[in-house]
Amino acid sequence: MNTENDRHFDELIGDILEKNLPADVDRRLRWQLESFRCQLIEMDKSGVHRPMTLGRTKRRAVLCLAGVAAALLVGLAVGLLGSAPTWAQVVAAVRAKPWVHATVKTTTGKTAEFWLSAEREVAASRDDDRICFDNYPEKSRYTYDTRKKTLVREPESRVDREQWQSMLNLFDAVFHGDATLSNPLPGTQLVGQKHRTLTEAGRSWTDYQLDLTADSAGVRLTFRVDPRTRLPKSMAFVSTPHSDAPKMASIEAEFVFDYPEQGPADIYALGVPRSARVDDRVPHGELARLLDGINNSRDKFPQTYLAAVSRGNAKALPQFIWRKGEKWRREYRFPRTPEDRAAFKRLSPPPAGPQAAVWWKETTKNWRAMPMEICDGAAIYAQVGKTEKDEWKKIENGASLRLISNYLPERAGYPLPPGSAWSCSIDLDMHPSSGPPGTVLLTSRPAADAATHVRLSRFWVDPAKSFLGVRQEYSDVDPKAGPNRGIDTYSVDGIAQAPNGVWYPTVIHWKSTTGTGSKEESSEQTWTYSIDFTTDIPDALFRIEGNK
Amino acid sequence: MSDFQQTYDRIIRPIEDRMVRSIWRIVRNPQDAADVMQDVLLIILKRWNRICGHANPQSLVLKICIDVAYDLTRQTFRNRPAALLDKGEGEPVGSMRTPAEEVMAGEQYAEIMLAIHRLPRQQATSILMRAVQGQTYEAIAAALGCREATARKHVARARARLRIWLAHLNPRNVGIGGL
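Chains as they are written, first to last, in the numbering used here: chain A, 24 to 571; chain B, 3 to 181.
Since the hints were made in silico from the structure, they are not lab data.
Backbone N, C-alpha and C fix where the C-beta goes; we use that ideal spot for every residue, glycine too.
There may be inaccurate statements among the hints.
Below, computed lysine-lysine pairings styled on BS3-like, alpha-carbon distance capped at 30 Å [to be verified]:
id	chain 1	residue 1	chain 2	residue 2
1	A	K217	A	K171
2	A	K133	A	K172
3	A	K128	B	K155
4	B	K48	A	K217
5	B	K48	A	K347
6	B	K48	A	K416
7	B	K155	A	K534
8	A	K384	A	K350
9	A	K350	B	K155
10	A	K384	A	K488
11	A	K162	A	K172
Quick partial rundown of chain A residues pointing at chain B, CB under 10 Å, derived from the structure [said to hold, decoys possible]:
id	residue
12	V48
13	L56
14	F59
Chain A extracted, bound-state conformation:
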């Protein structure tokens, strides 16, 4: 009887919580999932994240060396001195070599090798599945799938560029004698280090051991350095899961370094047949110019401002986005007292345009501010307080904008068109038959090897307005291929200019439609962005206090 009653009770709870899932919400969340999947694929290609796993050995070269360099810097910062060579001397010795080559073997039997030349800004890697060659000055990457026998040339991704730059910065820091490094190895913390000198088979070595901890595992890196040449000979990597990470296996790998005078000049030098047809996905000509224009405007947009971002009607409480370079803060403000709440109900709509940010800031200055996330430039923290008192938890190292990208006007106005990472092809129509006047049309179509849920995207860009995207459309299928299942449209209905002349959207109208005729369902929402570029933004706004 109890079981029966339990079931009915669970059903009661379930029934009350049941609510029809609107088609647009369903699509939107699935789109987020698909974007996430594409992001994973991109990360897999570029080798970011999962630094503690060696199961995937593809193109770990840059990351590995960045890790090595980071470790070297950490050692330098705390001064591991003595009769053994200093870390700085080791780094200098590595840097002096034209090429670094490493072979990697894990306990699971996977092997890979990589080459890296800081001088030429080239990195390459090879394993059973894939051969990669990154040419950073050319901003391109070649990838050869050894099973499908396909060779793809893709534009360099921003992730790759940042990663490469990060590694160069590490080296530069060494040569400039920087004593500290703000973020030596993303996702890990140094918890201990030591070094020792030992003799093995009549040869003398210096072992430098670094203990790091990551989210789910502890990692020990042990570099074996030849004190005579000051060059690392090997690095042992041992990852041990924390006790609360159930059923994760330990991972061990051995990196063996050598320093050849010559390295691969191109991907063909790594064994790719010259007869392989190149699927060139790097934009050329007008398309490249347009994409550069969009990227430049996004990058040039001022990085210090207060934005009030509302979704819904004009009186909807906005979210406040405070941005100052790499630091940012997202907060809500709520009426604190009954008087404030009553006043809120009587509020007239804010003035239209950029003045609304100042109006909201002044109107709500005595309300309760509730920051949701803060990035202090070194890490991102999320609010976890259960009471009015703020409590913070670090959720990510680094200064990424990803978490608030949906609220940033520069991201709304200058979106990243799906590129090669999404297995899309992009076409440019300089004289489109549809869309706002004076615009050109970028159409991104899923390539043959794209994931099944990649959508057709159309971007109308206004070259005369600093390449602002004035209309975006995402549809489930190519109209040429069959009936649409759903279209999301973002129309920019108001624009303004930042002090440096870059345009940005102030009003975006979002409409989502599914079905046709009597079965059509639609949802609409208006997003407003009002920005104050002159407001004083004290650093205290980005300071984390209380429990991290």
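Keeping the supplied structure of chain A fixed, place chain B upon it in accordance with the hints.
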């Protein structure tokens, strides 16, 4: 196919529908649902290794959905309780419910969520995983990292409390403790 892609297709793809629906059932607001999904994906990314190596990765991912959605509604209830009774932005045009039914459904939803928020965290998570996601006790235990008997106890205690607090909502009400 890449490792990430294979893992995604193995672990997450089969439960995409359950992820979407369980988030929606708890937060009921299009923008909040999108925010929750974004946070869920961020957590999945951060804990990728742990999820891949977990005994029941799918229930762990579903628990993350519950946790994030629960946290958001808890904050929302605390800070803007009136918002909970809103129908929510983006309600499909042509909804079959009358305005009165909408209000009533909103009130019942708010009552249930407020009651669940009063529960200890483990109990709240357990009852949501059971009632909203229909998870087995074994899966709940795996996600919580406890024994199955403990998971059963969490759910039973949550039910016992909710029965008292929500007795008036139950048309089959046969008395406190007898449900």
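Hints versus structure:
| no. | hint | result |
| --- | --- | --- |
| 1 | K217(A) <-> K171(A) | violated, 46 Å |
| 2 | K133(A) <-> K172(A) | holds, 21 Å |
| 3 | K128(A) <-> K155(B) | violated, 46 Å |
| 4 | K48(B) <-> K217(A) | holds, 29 Å |
| 5 | K48(B) <-> K347(A) | holds, 26 Å |
| 6 | K48(B) <-> K416(A) | holds, 14 Å |
| 7 | K155(B) <-> K534(A) | violated, 46 Å |
| 8 | K384(A) <-> K350(A) | holds, 19 Å |
| 9 | K350(A) <-> K155(B) | violated, 45 Å |
| 10 | K384(A) <-> K488(A) | holds, 29 Å |
| 11 | K162(A) <-> K172(A) | holds, 23 Å |
| 12 | V48 | holds, 5 Å |
| 13 | L56 | holds, 5 Å |
| 14 | F59 | holds, 5 Å |
This entry does not satisfy hints 1, 3, 7 and 9, going by the numbered hints stated previously.
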